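Colleague: Based on the sequences and whatever the hints tell you, model everything.
Note that the protein sequences, when read in sequence, are chains G and C.
Going letter by letter, the first sequence gives residues 0 to 239 in numbering that gives the first Met the number 0.
Going letter by letter, the second sequence gives residues 0 to 256 in numbering that gives the first Met the number 0.
The set of hints was computed from the structure by calculation and includes no laboratory data.
Quick caveat: nothing in here was measured; it's all calculated off a predicted structure.
Hints are not guaranteed to be accurate.
Here are some chain C residues the structure puts well away from chain G; computed CB gaps all over 12 Å [unchecked claim]:
(1) Arg15
(2) Ser46
(3) Gly59
(4) Gln82
(5) Pro88
(6) Arg91
(7) Gly99
(8) Pro101
(9) Ala120
(10) Leu171
(11) Glu173
(12) Glu174
(13) Asp204
(14) Asp233
(15) Leu235
(16) Leu239
Partner residues are not named here, just some residues of chain C that face chain G (Cβ under 10 Å, in silico) [to be verified]:
(17) Phe20
(18) Arg24
(19) Arg55
(20) Ala58
(21) Met79
(22) Pro127
(23) Gly128
(24) Ala143
(25) Leu160
Just so you have them, the derived chain C footprint on chain G, three or more residues with Cβ under 8 Å [unchecked claim]:
(26) 130-138
(27) 141-151
(28) 226-234
Backbone N, C-alpha and C define an ideal beta-carbon position, used for all residues, glycine too.
Now for the letters of each chain:
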Amino acid sequence: MIGQQSGGARGVLPTPLLVARAGLRVAASGELLHHSWVSLQRALVGLLIGGGIGFLLGLINGYFTLAERLIDTPVQMVRNIPHLALIPLVILWFGLGEQSKIFLVALGVLFPIYVNTFHGVRTVDPGLLEMGRLYGLSPAALFLNIVLPGALPSILVGLRFALGLMWLSLIVAETIAADAGIGYLAMNAREFMQTDVIILSIILYALLGKLADVAARLLERRWLGWDPRRLRAAGAEVPS
Amino acid sequence: MAALRQSGQGVRLSVRSLTRFFGARAVLSGVNLEARPGEFVAVVGKSGCGKTTLLRTLAGLDNPTEGVVALDGGTGPVRMVFQDARLLPWKRLVDNVGLGLPRQQRRGQRIVDALARVGLAGRELDWPGVLSGGERQRVALARALVSQPGLLLLDEPLGALDALTRLEMQQLIEELWAETGFTAVLVTHDVHEAVALADRVVSLDAGRVGVNIEVRLPRPRARHTAAFNAVVADVLGHLLGHLPGHRASPIDARVAG
Numbered sequence: 000m001i002g003q004q005s006g007g008a009r010g011v012l013p014t015p016l017l018v019a020r021a022g023l024r025v026a027a028s029g030e031l032l033h034h035s036w037v038s039l040q041r042a043l044v045g046l047l048i049g050g051g052i053g054f055l056l057g058l059i060n061g062y063f064t065l066a067e068r069l070i071d072t073p074v075q076m077v078r079n080i081p082h083l084a085l086i087p088l089v090i091l092w093f094g095l096g097e098q099s100k101i102f103l104v105a106l107g108v109l110f111p112i113y114v115n116t117f118h119g120v121r122t123v124d125p126g127l128l129e130m131g132r133l134y135g136l137s138p139a140a141l142f143l144n145i146v147l148p149g150a151l152p153s154i155l156v157g158l159r160f161a162l163g164l165m166w167l168s169l170i171v172a173e174t175i176a177a178d179a180g181i182g183y184l185a186m187n188a189r190e191f192m193q194t195d196v197i198i199l200s201i202i203l204y205a206l207l208g209k210l211a212d213v214a215a216r217l218l219e220r221r222w223l224g225w226d227p228r229r230l231r232a233a234g235a236e237v238p239s
Numbered sequence: 000m001a002a003l004r005q006s007g008q009g010v011r012l013s014v015r016s017l018t019r020f021f022g023a024r025a026v027l028s029g030v031n032l033e034a035r036p037g038e039f040v041a042v043v044g045k046s047g048c049g050k051t052t053l054l055r056t057l058a059g060l061d062n063p064t065e066g067v068v069a070l071d072g073g074t075g076p077v078r079m080v081f082q083d084a085r086l087l088p089w090k091r092l093v094d095n096v097g098l099g100l101p102r103q104q105r106r107g108q109r110i111v112d113a114l115a116r117v118g119l120a121g122r123e124l125d126w127p128g129v130l131s132g133g134e135r136q137r138v139a140l141a142r143a144l145v146s147q148p149g150l151l152l153l154d155e156p157l158g159a160l161d162a163l164t165r166l167e168m169q170q171l172i173e174e175l176w177a178e179t180g181f182t183a184v185l186v187t188h189d190v191h192e193a194v195a196l197a198d199r200v201v202s203l204d205a206g207r208v209g210v211n212i213e214v215r216l217p218r219p220r221a222r223h224t225a226a227f228n229a230v231v232a233d234v235l236g237h238l239l240g241h242l243p244g245h246r247a248s249p250i251d252a253r254v255a256g
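Modeller: This is how it looks when you write it as structure tokens:
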């Protein structure tokens with residue numbers, strides 16, 4: 000099963016053993032690390048830019064009703080365009096360089112983070128805000144002590160959605176036009192009918208995706224440790 | 000407890016012809032209310048009688064349509080305890096209690112003492128999420144009192160607690176009030192609670208002060224004595240409209256002397 004090739008399907012689906020061998024080969028040549036690193040960098044830079052913009056817009060629009068009236072509608076209009084439909088335009092704008100990939104990733108992660116940050120800020124318990132004002136907190140202190148931590152669970156939900164879209168955008172962008180990265184590795188392998196390398200690329204994406212998910216979970220554990228549901232899960236006795 | 004003892008005293012509270020409209024509906028109409036420094040006043044009434052709006056106005060959370068609220072003398076800020084404790088779930092107890100303090104005092108002995116005084120010694124680093132309803136209100140009391148308020152507003156603080164916890168908390172509130180000398184305004188629908196705690200019980204009916212009864216029972220007050228029950232019956236009678244006094248509105252709720 001693991002090492003036997005069944006019939007003449009060699010070009011369709013390689014055995015796990017062949018994939019593992021391809022992995023070793025690509026790792027030994029240094030390509031594995033190189034392409035993974037390039038992809039990871041693009042993903043993180045895109046996440047930082049797009050996530051940062053989405054986060055700031057979400058905060059501003061959640062906090063100021065006037066800003067929401069002015070900004071939310073155009074943002075929602077852009078949000079409803081499938082961002083991957085912009086690929087031809089993006090290639091014309093930025094060429095085949097790094098910018099086009101980073102732009103697509105940034106665009107993909109912007110909206111889930113925007114929507115969830117906005118929602119998180121809007122759903123902060125008004126009773127807590129009232130209490131904070133009565134207890135003399137300045138607007139800045141209200142924001143840091145009540146609005147931001149209150150919105151954080153929702154923001155982290157947005158982050159997890161964004162991480163999924165981050166890899167999706169990157170895969171598509173790298174598959175269409177790239178000279179490095181995991182997507183390039185896969186497309187290059189297609190030229191030479193190396194299905195084992197293609198499968199290896201898919202597994203790499205899966206592993207990087209899992210890595211991002213683990214990172215998000217760690218952040219949640221660190222920042223949301225106060226949540227009664229988490230406290231209960233951790234074995235604390237929590238009155239319901 | 001030194002942490003809660005107040006160098007100054009409670010404020011003198013004076014409310015004059017307070018009127019508040021929400022749209023066309025008058026929630027408060029011409030309310031007069033006075034409290035001496037350090038006096039404990041309870042405001043009782045049915046749901047929707049305007050007592051919460053009155054309290055929110057005293058706290059500065061709501062602006063009256065007409066009338067004046069004056070706070071004179073005393074030291075310390077206005078603090079409020081809400082029916083839901085309104086603790087920040089993402090802050091440990093020490094940081095919840097220190098919330099209204101100046102930055103440099105936010106993690107000092109005062110907070111440790113304040114928590115100890117409400118019966119939560121050593122719980123500084125707990126999350127609010129692990130507390131029972133009664134414990135939450137204890138923290139809310141510590142948070143209010145650590146700033147040594149001149150006026151403490153209590154908005155049905157025990158309304159969501161079970162009967163036994165409520166009795167314990169009433170005792171605690173009375174002790175803290177006796178120790179520190181703030182002026183207190185308690186809004187409640189529980190007439191027993193009002194009579195147990197207050198120097199004076201004021202009834203509010205459809206936005207008007209109905210009756211103003213001074214409670215002259217010695218403290219701490221034993222429940223279910225004949226004298227206690229007589230005062231309760233008196234207040235209830237006025238609230239339910241069986242006894243005269245509620246019609247002569249608006250009665251000035253000021254107490255001579």
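Colleague: Per the stated criterion, does the least C-beta distance between glutamine 82 of chain C and chain G lie above 12 Å, as a non-interface residue requires?
Modeller: violated (10 Å)
Colleague: Can proline 127 of chain C be said to touch chain G, with a Cβ gap under 10 Å?
Modeller: holds (8 Å)
Colleague: Confirm or reject the statement that glycine 99 of chain C sits farther than 12 Å, beta carbon to beta carbon, from all of chain G.
Modeller: violated (4 Å)
Colleague: Is proline 88 of chain C truly not at the interface, in the sense that its beta carbon sits beyond 12 Å from all beta carbons of chain G?
Modeller: Given a closest Cβ separation of 5 Å, the condition is violated.
Colleague: Taking the minimum C-beta separation from glycine 59 of chain C to chain G, is that value above 12 Å?
Modeller: violated (8 Å)
Colleague: Please settle this one: arginine 91 of chain C was flagged as non-interface, so is its CB more than 12 Å from every CB on chain G?
Modeller: violated (8 Å)
Colleague: Since glutamate 174 of chain C was said not to touch the interface, does its Cβ keep a gap of more than 12 Å from each Cβ of chain G?
Modeller: Since the minimum Cβ distance to chain G is about 23 Å, glutamate 174 of chain C lies beyond 12 Å and the statement holds.
Colleague: Is the nearest Cβ of chain G still more than 12 Å from the Cβ of leucine 235 of chain C?
Modeller: holds (31 Å)
Colleague: Once the closest CB in chain G is found, is it more than 12 Å from glutamate 173 of chain C?
Modeller: holds (23 Å)
Colleague: Was arginine 15 of chain C rightly flagged as not at the interface, with every chain G Cβ beyond 12 Å?
Modeller: holds (22 Å)
Colleague: Is aspartate 233 of chain C truly not at the interface, in the sense that its beta carbon sits beyond 12 Å from all beta carbons of chain G?
Modeller: holds (34 Å)
Colleague: Using the nearest Cβ pair, does arginine 55 of chain C come within less than 10 Å of chain G?
Modeller: holds (9 Å)
When each numbered hint is compared with the structure, violations occur for hints 3, 4, 5, 6, 7, 8, 17, 18, 25.
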